[in-house]
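Novice: Chain order of the listed sequences is A, B and C. Following the numbering used here, the numbering of the first sequence begins with 165 at its first residue and continues without gaps. Following the numbering used here, the numbering of the second sequence begins with 214 at its first residue and continues without gaps. Following the numbering used here, the numbering of the third sequence begins with 7 at its first residue and continues without gaps.
These are computed hints drawn from the structure, not numbers from a lab. There's no promise every hint is true.
The calculated PhoX-like cross-link candidates involving lysine-lysine, where the alpha carbons are at most 25 Å apart (straight line), are [to be verified]:
no.: 1; chain 1: A; residue 1: Lys272; chain 2: C; residue 2: Lys237
no.: 2; chain 1: A; residue 1: Lys272; chain 2: A; residue 2: Lys356
no.: 3; chain 1: A; residue 1: Lys331; chain 2: C; residue 2: Lys287
no.: 4; chain 1: A; residue 1: Lys268; chain 2: C; residue 2: Lys55
Computed spacing ranges between beta-carbons, pair by pair [unchecked claim]:
no.: 5; chain 1: B; residue 1: Thr478; chain 2: C; residue 2: Val150; range: 35 to 43 Å
no.: 6; chain 1: C; residue 1: Lys55; chain 2: B; residue 2: Val363; range: 36 to 44 Å
no.: 7; chain 1: C; residue 1: Val27; chain 2: B; residue 2: Glu425; range: 35 to 43 Å
no.: 8; chain 1: C; residue 1: Gly63; chain 2: B; residue 2: Leu394; range: 26 to 34 Å
no.: 9; chain 1: B; residue 1: Arg259; chain 2: C; residue 2: Leu201; range: 40 to 48 Å
no.: 10; chain 1: B; residue 1: Arg435; chain 2: C; residue 2: Ala192; range: 43 to 51 Å
A few chain B residues that don't get close to chain C, going by computed Cβ distances all over 10 Å [unchecked claim]:
no.: 11; residue: Lys256
no.: 12; residue: Val382
no.: 13; residue: Val432
no.: 14; residue: Pro501
The model shown is predicted, which means the values in this text are computed figures rather than measured ones. Every residue, glycine too, gets a C-beta built ideally from N, C-alpha and C.
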Amino acid sequence: MTAAAATTGASTPHSDGDRLLDVRNMQTRFHVMDGVVPAVDGVSFTLDRGRTLGIVGESGSGKSVTALTIMRLLDIPPAEIGAGSEAWFDGRDLLALSESEMRKVRGKDIAMIFQEPLTSLNPVFTVGAQIAEQVQTHLHVRAREAWSRVVEMLRLVGIPSPERRAKQYPHELSGGMRQRVMIAMALSCEPKLLIADEPTTALDVTVQAQILELLKTIQQRTGSALIMITHDLGVIAETVDDVIVMYAGQVVEQGSVADVLLEPRMPYTMGLIESIPTVEKRGGRLSAISGVVPSPFHLPPACRFEPRCPYAWDTCRDRMPDLSVTRDAERHARCHLHVAGAASRLEAAVSQHRQNMRVGRQLTDSV
Amino acid sequence: MTQNVEHQPPVPPAEITDTVPSAAEDYEVGLKSLNQWQLAWRKFRRHHLALIGLGVIATMIATAIVGPILMPFEFTTIPLPDEIVYAGRPPSLQHVMGETGGLQRDVFELVVNGARTSLLIGFSSMAIGVFIGTILGSVAGFVGGVVDNVLMRLVDIMLSLPILFVILVASRFFGNGSVGLVIIIFGAFSWMGTSRLVRSQFLSIREREFVEAARAVGVRDRRIIFRHILPNAFSPIVVAASLIVAGNIISEAFVSFLGFGVNPTSPTWGNILSNALTFIPLGNWWWPLFPGLAIILTVLAVNFIGDGLRDAFDPRSRA
Amino acid sequence: MMKFVTRRVLQAIPVLLGVTVVVYAILLAAPGGPEAKFAQNPRITQAQKDSFRKAWGLDQPIPIQYGRWMGILNPSGEGLGVLIGPAGLPNFLPTPLSGATNGVLHGDFGYSIDSGEPVSNRIIRAALPTFILAGTALVLWIVVAIVLGVYAAIHRYSLFDQGATVFAYVGYAMPTFWLGIMLIFAFSGPGLNILPAGGMTETRISPPFGSPEYWVYFGSNTPQALGDIAKHLVLPVITLVVVNIAGDSRFVRASMLESLGQDYVRTARAKGLPARTVNFKHALRNALLPVVTNIGLEIPFLFTGAIVTETIFSWPGIGKLTIDATRDFDYPILMGVLLVTSVMVVLANLLADILYGVIDPRIKY
Numbered sequence: 165m166t167a168a169a170a171t172t173g174a175s176t177p178h179s180d181g182d183r184l185l186d187v188r189n190m191q192t193r194f195h196v197m198d199g200v201v202p203a204v205d206g207v208s209f210t211l212d213r214g215r216t217l218g219i220v221g222e223s224g225s226g227k228s229v230t231a232l233t234i235m236r237l238l239d240i241p242p243a244e245i246g247a248g249s250e251a252w253f254d255g256r257d258l259l260a261l262s263e264s265e266m267r268k269v270r271g272k273d274i275a276m277i278f279q280e281p282l283t284s285l286n287p288v289f290t291v292g293a294q295i296a297e298q299v300q301t302h303l304h305v306r307a308r309e310a311w312s313r314v315v316e317m318l319r320l321v322g323i324p325s326p327e328r329r330a331k332q333y334p335h336e337l338s339g340g341m342r343q344r345v346m347i348a349m350a351l352s353c354e355p356k357l358l359i360a361d362e363p364t365t366a367l368d369v370t371v372q373a374q375i376l377e378l379l380k381t382i383q384q385r386t387g388s389a390l391i392m393i394t395h396d397l398g399v400i401a402e403t404v405d406d407v408i409v410m411y412a413g414q415v416v417e418q419g420s421v422a423d424v425l426l427e428p429r430m431p432y433t434m435g436l437i438e439s440i441p442t443v444e445k446r447g448g449r450l451s452a453i454s455g456v457v458p459s460p461f462h463l464p465p466a467c468r469f470e471p472r473c474p475y476a477w478d479t480c481r482d483r484m485p486d487l488s489v490t491r492d493a494e495r496h497a498r499c500h501l502h503v504a505g506a507a508s509r510l511e512a513a514v515s516q517h518r519q520n521m522r523v524g525r526q527l528t529d530s531v
Numbered sequence: 214m215t216q217n218v219e220h221q222p223p224v225p226p227a228e229i230t231d232t233v234p235s236a237a238e239d240y241e242v243g244l245k246s247l248n249q250w251q252l253a254w255r256k257f258r259r260h261h262l263a264l265i266g267l268g269v270i271a272t273m274i275a276t277a278i279v280g281p282i283l284m285p286f287e288f289t290t291i292p293l294p295d296e297i298v299y300a301g302r303p304p305s306l307q308h309v310m311g312e313t314g315g316l317q318r319d320v321f322e323l324v325v326n327g328a329r330t331s332l333l334i335g336f337s338s339m340a341i342g343v344f345i346g347t348i349l350g351s352v353a354g355f356v357g358g359v360v361d362n363v364l365m366r367l368v369d370i371m372l373s374l375p376i377l378f379v380i381l382v383a384s385r386f387f388g389n390g391s392v393g394l395v396i397i398i399f400g401a402f403s404w405m406g407t408s409r410l411v412r413s414q415f416l417s418i419r420e421r422e423f424v425e426a427a428r429a430v431g432v433r434d435r436r437i438i439f440r441h442i443l444p445n446a447f448s449p450i451v452v453a454a455s456l457i458v459a460g461n462i463i464s465e466a467f468v469s470f471l472g473f474g475v476n477p478t479s480p481t482w483g484n485i486l487s488n489a490l491t492f493i494p495l496g497n498w499w500w501p502l503f504p505g506l507a508i509i510l511t512v513l514a515v516n517f518i519g520d521g522l523r524d525a526f527d528p529r530s531r532a
Numbered sequence: 007m008m009k010f011v012t013r014r015v016l017q018a019i020p021v022l023l024g025v026t027v028v029v030y031a032i033l034l035a036a037p038g039g040p041e042a043k044f045a046q047n048p049r050i051t052q053a054q055k056d057s058f059r060k061a062w063g064l065d066q067p068i069p070i071q072y073g074r075w076m077g078i079l080n081p082s083g084e085g086l087g088v089l090i091g092p093a094g095l096p097n098f099l100p101t102p103l104s105g106a107t108n109g110v111l112h113g114d115f116g117y118s119i120d121s122g123e124p125v126s127n128r129i130i131r132a133a134l135p136t137f138i139l140a141g142t143a144l145v146l147w148i149v150v151a152i153v154l155g156v157y158a159a160i161h162r163y164s165l166f167d168q169g170a171t172v173f174a175y176v177g178y179a180m181p182t183f184w185l186g187i188m189l190i191f192a193f194s195g196p197g198l199n200i201l202p203a204g205g206m207t208e209t210r211i212s213p214p215f216g217s218p219e220y221w222v223y224f225g226s227n228t229p230q231a232l233g234d235i236a237k238h239l240v241l242p243v244i245t246l247v248v249v250n251i252a253g254d255s256r257f258v259r260a261s262m263l264e265s266l267g268q269d270y271v272r273t274a275r276a277k278g279l280p281a282r283t284v285n286f287k288h289a290l291r292n293a294l295l296p297v298v299t300n301i302g303l304e305i306p307f308l309f310t311g312a313i314v315t316e317t318i319f320s321w322p323g324i325g326k327l328t329i330d331a332t333r334d335f336d337y338p339i340l341m342g343v344l345l346v347t348s349v350m351v352v353l354a355n356l357l358a359d360i361l362y363g364v365i366d367p368r369i370k371y
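Chain A with its partners taken away, still in its complex shape:
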């Protein structure tokens, strides 16, 4: 079973060896002035030790909120976590822990890296002090030991002359350097799970590649599991084993990264992949998914992607599709194309997708 397989069926909630994280039916809502926003709506997934999982989706799809819910970093209120939501981590339901127990998990067992390294680091403390603070909190070591750990971590993430850099303030470092500091901080207590929320979005393109490379090598070296949250399929392709695709607060497709990217089984995923500009598609027309992401206050009654879906038919307007096993084993997609009786429609969609992807290549080839 791959790490990202859905936990349909009643398996025991206890950790069974390799299982690190088991999120079940997570629901997170925000109470705002104009109503209630269902930001995460029944998300379930699992992650095994040492594996990497990508969560991909447009902004507002609920991918960051999923991570913040696992970390219990949302303010309640305005946020509300639905009854029945579970997030089993190493045999414990994080959502049921007391705040003080949860605090021991944060930064120690699960660490998080955020999008904007400049604002995510406190401007009035040196970067070394900010890392040392975390080390001292969780590892209960003396200041001197904490400091040598800081230097060691900064060296690990490839910061030159780490002793000097540790004594500098965030504004004195470059963007890439700051993100390395964030990574060093996250890894300082050897977490079992590292969550990276758009870690490269705010960085220059050349630096992006370095940071991804760093995350990958360090993840392999330390053996921690990694959740990579991004809107960038390129990042997903390069860094993760498995992937889940989110749309309007729901998981719409999941599987191994190769399967999902090469053989998408849900029209939204197909659209996402088709809209990536590639060298192959040069000269061709870039396709974009038509329409806009639905407002969280006015979600379509049935399939949430139906208004934008080129293959939608009556069923899609009547009933919300389940996240079900597709014909290919170990693949899940939330789409009526996979029910028995829609086989011809699925066939048409898949071949249309192949067609769309090939058009670009043919155009390139003909040049």
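Since the structure of chain A is already known, use the hints to place chains B and C on it.
Specialist: Leaving out everything else, chains B and C in the frame of chain A:
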């Protein structure tokens, strides 16, 4: 206060008074100002405290105008109470705010008559201050160069002086107890903030396209100032003006309280308080209480209106 | 850093000079002038008036008068020699160099018309009570405003927060002197006479504050004397701080809320730090940056407020000195006090700027 060229300390949003209007709003003002006013009024209406404040101020002004006619105060006519009590009497049905000690005047009557003077001074001195500030700020902003430099250093100097103290001294030296002089003195020391606001508006708008365009088609400077720049400066000025009114009402009460302001025999809120002070050993708390509450109520109302105006004119707030 | 301080000090000099000119102008423009006291006195002869004018230098042109008052000009010099001090160097230089002792620059603010004492003596004597009052108020003000504001921000929209909001609005709208009067009625009136209504010491047992006898008394009865002052401080200090606390607790709250919403606070929580550390180390440290500046700029108004408070509570400080001098047209004292307070405003601004750079590592000079 010298301006610091190195950095501007960040100011939390709640304290920002001079909001720089967005470009979109600038154009709206110049072309169809009616829409901006409608928009501002719509936003202002949603600010409940500001609406209450507006109601309170309207009531106060009505009282200040009509009240003294219904309940005239004569310095020479001393009331004849049904019972002579030197310490005065606490609030009762006949005298809802009680009676003063000594002459046993009705405190309510004093407060109503005081409203006329205090509000008149607060609003008129604000008008003078805003007028001077607008002119000086316009000159500094439009002429620029040496003139600008001299005027702004003057503002720095004036802001370095303890203004309440200066007003106190000026009231003592030049005042003769007349309301008019008090208004002029307070107005003469209330212009600094406004001049800075107006100047900054000039500097930010002077180089904008629509002013350039107006100049290019031969519109005269005066017209540019009155048609294009000042309307843009209007909203921060109005907000600043509300603060001036509140500040001057309190300061005037204090100056009169010390006996340097309006003639002690005429009823202003400060004078009522001043007279009450000597009766402290007799414990007639109602005497200073009600004029003080009148001041608080007025200042609160004006501050709320200021808050409402700030939100109403803030292009970032939603209609 | 040194360069920045030097430049800011240099920038402050023209403003300070301007202040002296404006102060001089205001008092010059006043009707009557120093002679006003004698104007109506029939027993003062014209010769006496003239000698008074000459003694005061009132027979000189205004720029000369100003120059002498400032200490730029030597009052005994002739022609261009007025610029040179007794020691042969320019008169405006410090006393050890120029030998000059006259004028504001050399600490000479003239003599009180009322008592004939040097103005500087009067001001120095009045300064101690004011510093006791304002200093106590300052500490209380900063502590309470920060505690109120931070607590309200952390428990946003709670009952406490709403209560603090009402207090802030009302407190901010409240005239200081009225609060003082009401406090006197409440705590020193016939009803609940538990605190002194005015003064700095209990006159029946203690000599007047500041007199030589007082210090003898203070030396032999230190605990009682301190307790006595503390008791007299309660009402004036409350009167003085309420407005400032009202305004600044809002400011602190807004700043703290802004800080709490920042990414680095989320990072601090994600690191597993206790809520206390997140709030009081990471958020508060940043929230205090603008607060420090704001308080620096407001300190001078504490002294303006002290004028008001001292008058009501008969506190023998600068405020009372000012009001008495205003009442008596005591020009030299008024000029001295105006100048000293203005210098303090300029210095407070300077200090706030420098302090801001010290506590915020992002500021580079």
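Novice: Run every hint past the structure and note whether it holds.
Specialist: Hint by hint, here is what the structure shows:
1. A:Lys272 with C:Lys237: 53 Å, violated
2. A:Lys272 with A:Lys356: Answer holds: A:Lys272 to A:Lys356 is near 8 Å, not above 25 Å.
3. A:Lys331 with C:Lys287: 18 Å, holds
4. A:Lys268 with C:Lys55: Roughly 86 Å separates the two Cα atoms, so the pair is violated.
5. B:Thr478 with C:Val150: 35 to 43 Å: 40 Å, holds
6. C:Lys55 with B:Val363: 36 to 44 Å: At 38 Å between Cβs, range holds.
7. C:Val27 with B:Glu425: 35 to 43 Å: The hinted range 35 to 43 Å holds for C:Val27 and B:Glu425, with Cβ atoms some 39 Å apart.
8. C:Gly63 with B:Leu394: 26 to 34 Å: 30 Å, holds
9. B:Arg259 with C:Leu201: 40 to 48 Å: 45 Å, holds
10. B:Arg435 with C:Ala192: 43 to 51 Å: 58 Å, violated
11. Lys256: 20 Å, holds
12. Val382: It is violated; B:Val382 is separated from chain C by about 6 Å at its closest Cβ, not greater than 10 Å.
13. Val432: It holds; B:Val432 is separated from chain C by about 37 Å at its closest Cβ, greater than 10 Å.
14. Pro501: 5 Å, violated
Figure legend: structure checked against the earlier numbered hints; hints not met, in rising order: 1, 4, 10, 12 and 14.
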